[in-house]
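Given only the sequences and the hints, what does the whole structure look like? Please build it.
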Amino acid sequence: MISVDNLTVSFGGWDLFNDISFMINPKDRIGLVGKNGAGKSTLLKVITGEQAPSQGAVTRNGECTIGYLPQQMKVADTTTLLEETASAFREVLELEEEINRITEQLSAREDYQSEEYERLLHRLNDATDRHHILGGESRDADIEKTLLGLGFKRSDFQRPTSQFSGGWRMRIELAKLLLRRPSIFLLDEPTNHLDIESIQWLEGYLREYSGAVLLISHDRAFLDNVTNRTIELSLGKVYDYKVPYSKYVELRRERRQQQLSAYANQQRMIEKTEEFIEKFRYKPTKSNQVQSRIKQLDKLERIEVDEEDLSALNIKFPPAPRSGQIVAEVKGVGKSFGEKHVFSGAEFTIERGEKIALVGRNGEGKTTFARMLIGELAPSEGTLRVGHNVRIGYFAQNQDDLMNGEFTVYDTLDKIAVGDIRTRLRDILAAFLFRGEDIDKKVKVLSGGERSRLAMARLMLEPYNLLVLDEPTNHMDMRSKDILKSALCQYDGTVVVVSHDREFLDGMVDKVYEFRDGGVKEYLGGIYYFLEKRKIDDLRQVEQKEKGPAPASAASGDGKVDYRLRKENERAVRKLRNEIEKTERTVSELEEQIAAWDVRLADPQAHGIDLGDSRVFEEYNALKERLAHFMHEWEKLNYELEITENR
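Going left to right, the sequence shown walks through residues 1 to 647 as our numbering numbers them.
Calculated from the structure, these hints are not laboratory results.
All the pointers check out, no bait thrown in.
Okay, derived cross-link-like pairs now, DSSO-like style, lysine-lysine, Cα gap no bigger than 30 Å in a straight line:
1) K355 to K331
2) K485 to K441
3) K636 to K145
4) K441 to K35
5) K355 to K35
6) K242 to K27
7) K521 to K340
8) K27 to K624
9) K624 to K582
10) K511 to K485
Ranges of calculated distance between the beta carbons of each label pair, as one might list FRET restraints:
11) E144 to R516: 17 to 25 Å
12) A596 to E91: 24 to 32 Å
13) G419 to S21: 48 to 56 Å
14) H341 to N6: 51 to 59 Å
15) A262 to K286: 22 to 30 Å
16) E118 to K444: 56 to 64 Å
17) L260 to N6: 27 to 35 Å
18) D15 to F348: 46 to 54 Å
All figures in this text were calculated on a predicted structure; none of them were measured in a lab.
Don't be surprised by glycine CBs; every beta carbon is placed ideally from N, CA and C.
Rendered as structure tokens:
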């Protein structure tokens with residue numbers, strides 16, 4: 001489908017990558033990995049044609065269409081959310097106009113045997129098929145399903161796009177991209193602006209998508225759940241593994257160990273051979289053996305060991321000054337902005353040394369609460385009291401807006417550093433991989449990952465005992481995230497982190513607060529404990545809606561509750577399977593009817609069909625619309641079945 005052939009991209013005589021080649025096939029699910037600055041985003045731009053390579057070429061077949069989501073892009077501000085999202089169906093609307101126009105032309109003609117009539121008939125069939133492939137018959141339902149899946153509410157549909165924040169605007173672009181159904185998705189950090197529930201929805205969508213997917217992500221769980229192939233960019237070379245990310249990590253380690261072992265064995269053999277040659281070079285009785293060994297070395301294919309990229313963050317947070325046992329006391333706290341209610345009823349205490357995650361859908365109040373905790377916002381109701389001697393360090397989600405793009409990397413720290421710490425700025429920057437000429441780069445030319453690292457370096461300038469981190473891992477590569485996680489685990493202060501990255505939170509936090517439906521709920525466990533409990537909560541909520549409040553006896557023991565929930569789930573699975581079988585029978589019947597119509601329309605005179613009668617095409621198109629409707633229903637039922645079976 002897409003062939004990358006001997007591609008080289010150079011900047012000022014330095015190769016970002018050199019002579020790389022690989023193929024992207026239909027239905028591939030590829031994770032593109034590598035450290036920040038390895039060239040991942042650049043490679044996507046080259047594939048889309050936005051950037052020209054220095055050498056080599058990217059070729060794709062004529063029918064291949066690309067849907068590209070960059071890390072940053074602009075969204076139109078002149079329409080509502082629904083209108084902007086519906087613009088993804090521009091081709092569908094054009095096809096509908098063409099279908100109507102051709103249908104009118106065919107109804108007015110009587111030259112049924114002419115080439116022009118046959119050409120129009122073929123074009124009508126092609127346009128109708130294309131209309132179906134693009135989901136024209138179900139576009140309103142698809143728009144609603146996609147927007148809800150990405151975390152929007154129905155009440156948002158008529159809101160102007162100008163009212164949405166940058167993260168939500170990226171979701172709008174992602175929704176449009178998904179609805180266009182291209183041959184291949186090229187997604188650059190698609191999860192950066194999504195909450196956990198939206199990420200899980202997107203995982204399911206991409207797994208079932210009929211086209212190919214090539215994505216960049218630093219979310220290890222997302223990669224494992226979506227991809228089945230991993231392409232690594234490292235030090236200008238490309239390595240292709242036909243496995244998901246976690247398996248790739250194992251294979252990469254094994255491959256390097258095998259290389260090192262084979263290289264060491266070959267070096268020992270070369271050393272012994274050279275010793276033999278030197279020892280017996282001038283002895284006539286050994287001349288034949290010496291010449292044989294010399295030829296052996298000349299013919300030897302030397303094993304090369306892949307150069308390993310060993311650059312990594314080397315960070316350790318300064319020791320936390322001792323604070324009081326109570327770091328923050330939250331009593332009945334809520335927040336509203338005018339008539340817009342965000343959340344209320346937050347009631348909990350943060351104690352010294354705790355590591356807490358704030359999770360939930362975007363817009364439910366996580367960042368708002370973080371800003372209240374650091375004193376940027378005041379509660380609309382209740383009280384939030386910060387404890388004795390608490391010194392807060394804050395990593396904001398919008399770091400790009402908080403750093404001056406005209407400052408250099410060094411100046412960004414130098415402007416706020418005071419005292420003896422100024423003598424250690426170069427060491428701090430080196431720990432965050434800013435070395436040599438890197439410290440003189442302007443902030444505006446840094447990549448997303450480099451900006452995140454620089455913002456994190458600012459937190460090292462003072463000893464804090466409460467770190468409030470809002471999406472700290474956005475744009476960070478895997479290795480940097482792992483080292484940051486390790487540093488936070490070893491940190492002796494208190495941590496409150498807003499994040500959607502399950503792997504980053506796993507093993508680091510021991511308490512989760514979920515912001516949902518205007519309230520805040522506490523979970524006394526890690527992130528995967530929270531996810532498991534949420535599934536149970538969902539089942540109970542479904543049961544209560546369908547059956548009303550459970551009688552007291554039904555909830556009189558965990559075993560009875562689990563048994564009842566399991567039986568309820570089994571009934572739901574059976575019902576869905578029956579509906580799927582019924583829908584499949586309907587689809588088969590409609591396909592047979594359409595096939596019969598195709599035969600009759602191919603030779604209308606032999607079958608006594610008057611093609612001048614507009615009702616002929618109305619009946620034919622009605623059958624195709626019914627087929628598209630039931631195919632869409634079949635897809636939805638299978639999606640629901642997968643979710644229900646996995647509960």
